[in-house]
Each structure stands twice: as C-alpha cells, then as structure tokens.
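Chains E and V are the protein sequences, given in the same order. Quick note on the numbering used here: the first sequence kicks off at -17 and runs consecutively. Quick note on the numbering used here: the second sequence kicks off at 2 and runs consecutively.
No lab work stands behind these hints: they were computed from the structure. Ideal placement from N, C-alpha and C gives every residue a C-beta, glycine not left out. Keep in mind that a hint or two might mislead.
Interface residues of chain E toward chain V, partial, derived using beta-carbon atoms under 10 Å [what the hints assert, rightly or not]:
hint	residue
1	R7
2	G174
3	D277
Each computed EDC-like pair below joins lysine to aspartate or glutamate, with the alpha-carbon atoms no more than 20 Å apart [to be verified]:
hint	chain 1	residue 1	chain 2	residue 2
4	E	K192	E	E12
5	V	K33	E	D(-4)
6	E	K28	E	E12
7	V	K33	E	D0
8	V	K33	E	E163
9	E	K194	E	E303
10	V	K33	E	E12
11	V	K226	V	D196
12	V	K33	E	D247
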Amino acid sequence: MSLEKTANPPGWADGYRDGWSEGYRLGKCELIANQTRFEAPVLEVKVLFVQSGLWSYAPIDQGILAALQQLVREVQTVTPSENVAAAAANFRPDLVLSVNSVECLKTAQVDELRGMGLRTAVWFTDDPYFIDVTMKIAPHYDYVFTLEEACVPIYQEQGCANVFHMPLAANTSIYYPRRAERGYEADICFIGSAFRNRIDYFDRIAPYLKSKRVFIAGYWWERMANYPQLAGKIRTGVWISPEETASYYNRAKIVINLHRSVDDDSNRNSLRLPAFSVNPRSFEIGACAAFQLTDTRPALAAAFAPGTEAVTFESPEELIEKAEYYLQREDERRTVALNGYARTMMEHTYPRRVRQLLDTIFV
Amino acid sequence: MSRHKRIWSVNAPLAPDEETIGWERGYADGWKDGRHAGLCESIYVMGASVAPARKDVKVLYVRADGAPYASLDQGIEDALRSVARETVSASPEQDVVQLAEAERPDLVLVLDAIGRSFPVAQIDAMREKGFRTAVWLPDDPYHSDKTVFLAPHYDCVFTIESNCVPLYREHGCERVHHLPFAVNPQYIRYSRVSDEYKSDICFIGSAFWNRARFFDEIADYLAGKNTRIIGWWWDRMRHYGKLADKIHGVWLSPEETAKYYSGAKIVINLHRSADDASHNSNSRQIPADSVNPRLFEISSCATLQLVDYRAELPSLYAPGAEIAVFSTPGELVDKIEYYLAHEDERRELARRSLYRTVTSHTYRIRVERLLDLVFA
C-alpha cells in the first residue's frame, strides 16, 4: 500500500530504534514507580537524626532524612561536629538515630545522651570492613542496626541487647530511571574504588573488555597490571558524584557489581569476619533500572532473585560469558533490569527501610 | 555503529551533521512511541493478571463464522476456554443437534449472524431434548425485522442493543438481557508497527450512507492531512476523487486492523445509522443507543478515539477523559486539530481508555456475566 510515505531524514531510523527502546524502558519504570508508591501512616514520635556528616555519604544521610520526614511527626537533624547533647536537650526526641562509620558521632556524646535518659540507636553503614572499630562503638547504644548480617552475633557478644540486621537502601531521589545524555553510553560499566580483589578480577577480564565499550571509574585503578590495555576506558583517581553515577548506570547495557573483599589492606577487620549481605551499590543499580551483573554473596537471594532480578557470576570466566550473552539480548537484559527495579522499589528504598527500623524500636 | 565511534573517538566537538540531526529527531519520535508502548504493555499485563471466575459448566459454542464476526468469534471462544470447564465449538453449517447429543453441554450458545442465521429448527430440536440454549445478537437493532423471529426460539436472549430488550420481551422472550460487545486485548492490541501502517487520521470500515455523507462534508479537510481510510464502498462518496489516494477498498482482518490502529494518531469511529433502508431491515425504526465493537477495538489498541455520541457511551467510557466525542463534522475537525497538537494529552487519554477496556470491557468479563445470568 503506497499512501504518501513520508521520507525520514538520514539517521532517523537508528535514532528511532534507540529512542523507542529507552522510552519503552522508562514507560515501564513509570508504572512500576506508581504501583510501588509507599505511603505509611505518620508515627507519632520525634527523632533527632545525627547524620554521618561525611560528604561521600550524602546520599545515605539525605535518603534517611527524607524518609524520616515522611514517616515521623517531627525530625531534627544535626552533624557529629555540632553539640548534639544540647540539641537533644532542647528537642527532647523519642529517639536519637545516628548513622555511623569509623569516625562519626563520638561515643562520649552518645553516653551523654543516654545519661539524659534518651533512647539511642546506631546504623552501621560499612560492616564488616571496620568491625575492629565499630564493635567498640556499638555497646554505647540501646539499639544497633547493621547492614551486615554476619556482624549481628559479634555485637551481641559485645553485650548489645538489641541488634538487628538492617540493610541500607537506594536513595531514589538520586538513583532513578532517567534518560541520560549519550556521553554516558557504555556496554559495560563499573564505578568504584579498585580494591585488591577488584584489581585481580579486572586484570583477568581486561583482554575481553578491550574490545568492548567500557567505562570504569574510581580510585586506584592505575594499580592494574593490564591498565595500559584499558587506559582509554578508565578514569582513575576520580570520584564520580552520585548523580553522575546514576547517569552512567542508566545508560550502560551492563553494570557490574563486584563486592569488596573482607581482607583488603584498607579494612580494619582483623577478625576476618565474613560478609554475607549485599552492598548498597546493588540497590543503587536496581533503582536505576539497570541490568546488574554481580558476584554472589551468601545472602544475595534475600535482596534480589538471582537470574531474574540480577544476574550473577562466580568467576571472571563466567562474568565474560554472561556479559557476552546479555549484550546480545536486549529484551532479556531489559526484563532483568525491570524486575530488579520493581524489587528495589518494593523493598529497597529508604522510606520502606526506615519504617522497618522504626517499627523495630516502637512496636 | 560507525556513528558511535565517531562521537567517542574524536575529541573536538563535531558540528551536528544532517545525520546527527536526523538521529536526534528519530530518537525523540522513538522515545515517545516506546514510552507509550511500555506503559500500555504494563496495562495489558495488569488486565491479564486477574484470574478468571471459573464456572463449572460445559458450553457448546456455535460460531457466527463470517469475516465481519471473526474477532467476536475469536474473543468469545477464547473467553469461554478460560471461564467454562469445557468448551466445544461448532460452525453454523454443522449438525449441531447431533453434536450436542454427543457432547451433552450445559449450554448451547449461538452467536447469530444476520443473513446466515443458525437454523432455529435445530434450536427447537435441542430444547426438545432438554438442552439449555442462548443467543447473542450482534446486529441489533439494524435487523430487528429478522431477529424478532429468531429470539423467541431461545431460552435466553442477549442483545447488544438496550432498546431491543423490551422488543424481545413483547415477542414472548422471558429472559432477555442487554450485553454489549467487548474485545480480546490479547489479539487486538497496540503493537510496534512499521511506517506503512502509520497515519495521523484513520478510519476503517464500510461506507454506509451516513458515513459517506459525513466524510463528504470534511473531504477537503481530510485531503490535506495524513489520512487513511480503509473499507468497502467508499467510491460512493461525492468527493471520492479528493480522497482517492488515501482510500483503500479492502476488508482487513482484525489483526491487520489493530496494526493500523496502533500506527494512527487518531482513529475515527462513526456508527452506522439505524435507518439506512438500503442496508438495514429495521422497519420498526428501533433507535440505536448501543455502541459498535469497533469502540472497544480502538480503545484496546490505546489510540485516541474520536467517536460520534451514542446514549450508551458514557456508561462504557468517560467522554473527555477516556474517549473523545463529536456530534457534527465541524466538531470532529476541531477535535482532530486539538488532539493532533496535544500529543501528551492524546496518549494519556488513549491509555486511560485502554485501562478501562482491560478492566471492564473484555470478552472474558462479558462471558462471565453471560454465564452468571444463564445459570442464575
């Protein structure tokens, strides 16, 4: 049937195909976001939130704060460098919640708060890597929350009565599905610091990555033996902002997640405590509706169904095999990515997580 | 692939060439279509995920079996398969009495096609033997002169036209119900189509006289647009010449029709008239308040529908929110212009219409209701 066929300009057909595929992904994400919208009744409590105050933790601080603002009657926020006790004396909160890592709220300040009769809770964000330090901090609090399941018994051995496994989540005001500029395009993307185990892995897959469009960024990548092979594809010695990271995740066909090992030199984990739980990055990748190719952790399946919500690898060879498989199958890739997004939105967002945390304390 | 290399490997910014501009335009167009497709697909999935209310009955379904009834037959048969315990199908030419005796169904359901109606003698024979019978009349009210003689032979009568309910009661039918058409979104649905299916304004259907007259009035307007009209008898238009290059005189299968609907920005639906003596046999002049199957089929393709008003319409789709309505040629042109210029609104409306369709107007929902009424 030849009814006035409109001539499309050169390049249009390629653009249409790419645009369709991106629009389709975002259209599906839009509905998932609508269907998983989280509304919870406001809890009649006042919370004093002590942020980590660390600039690189801003997405966590902001994510928890925004969730608290949605979930409780009143929130005040302070940083560890401020006079927390004075703020608490003034505000009289029902709970002081501190996000903590190695050097955040000092234990002396926590003791002072408890001395005032206030209920205190800590949420550890880097377990088990700094367990040598955090196991000494934990007993100062009434409630201890750790993102690492394996750390629960350790804190209990330290005499903490209320210890709970509580993973972090994705800050969906930063990590969300969106259309990113074409400059962020890649077949395979990894963003993070080059810990030893990551160096080993990437050195082994470098010959494969050489032929792909790859984007790797973070500190210390120049330590790779095969760095010259990938030089044009790596931005080493830089910190990529969360917003930019989200753009890369959105535009990559495959985002690799490789957990940091528990025996890295930069850790303070002399107990060599194992790690069971997934990292926060896994939620951030999920929240961008990106296809996640991840190494396994014993408790991965508690966060994402392997094979349907995220795809796993156990060796560099398997990583290459699966990357190659999914690079050639756009529809399958998209299905996994959307499943991962739906799971993230249903379970791994800050409002849902903080609500869980509050329920633990206030039931 | 070559274009990617160029953009990635050259450090100096490139002046946007013709191809890059074309790509950007294509991307924007594709993005909008893709987003619409993604949203629609989620709506189809939502509709399909509702479990059917199963009925422990066996149904013998007698098809209408003509081309114009293809999508009805398919929709009803499919719905029966998911709702009834067992379904057996027959053609109207078959010896259905014999089949019924062999199969022992709880219900014999006939979709009756005017012109080649299922012989009522067979219905009488089956009732004699104790079989329960029902008919669904899809041509009401246009051939009421004929249907008034068919309907009383059945235990249960379903008509798509609410005005026919009292008529059949007057003719001695005790159990008469109004049951509108529907659609099967598994077959009639939005899909990604190639350029030859695309248009701004689309009409698919035969040129009944009222349609020919209506299109004659807006022929000049349509001639200047990316219009597509497909169906029989359009050469009876006075201004046929103005639109000849946009008209294709063929009959389309439901699947092909769905592709043209998917590729159109706006689909016009203009009901045939109830007093077209040359095509109808409706001497009682029973007015038509009912809607046609096309109403549901267009909605099921998630394309904006501009439909002429019928009294039953507001109970099926909300005018202005789920569907756009016109009553005069001038109003049709105004609304076409408006919705061509407001793409987001057009597609939003179309998706709401799709949602309403998958949640309220599928053959499965109708068949559930039909069986409820028969076995009440």
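So, going through the hints one by one against the coordinates:
no.	hint	verdict
1	R7	holds (7 Å)
2	G174	violated (23 Å)
3	D277	violated (28 Å)
4	E:K192 <-> E:E12	violated (35 Å)
5	V:K33 <-> E:D(-4)	holds (15 Å)
6	E:K28 <-> E:E12	violated (33 Å)
7	V:K33 <-> E:D0	holds (11 Å)
8	V:K33 <-> E:E163	holds (16 Å)
9	E:K194 <-> E:E303	holds (14 Å)
10	V:K33 <-> E:E12	holds (13 Å)
11	V:K226 <-> V:D196	holds (16 Å)
12	V:K33 <-> E:D247	violated (50 Å)
Checked against the numbered hints above, the structure breaks hints 2, 3, 4, 6, 12 and satisfies the rest.
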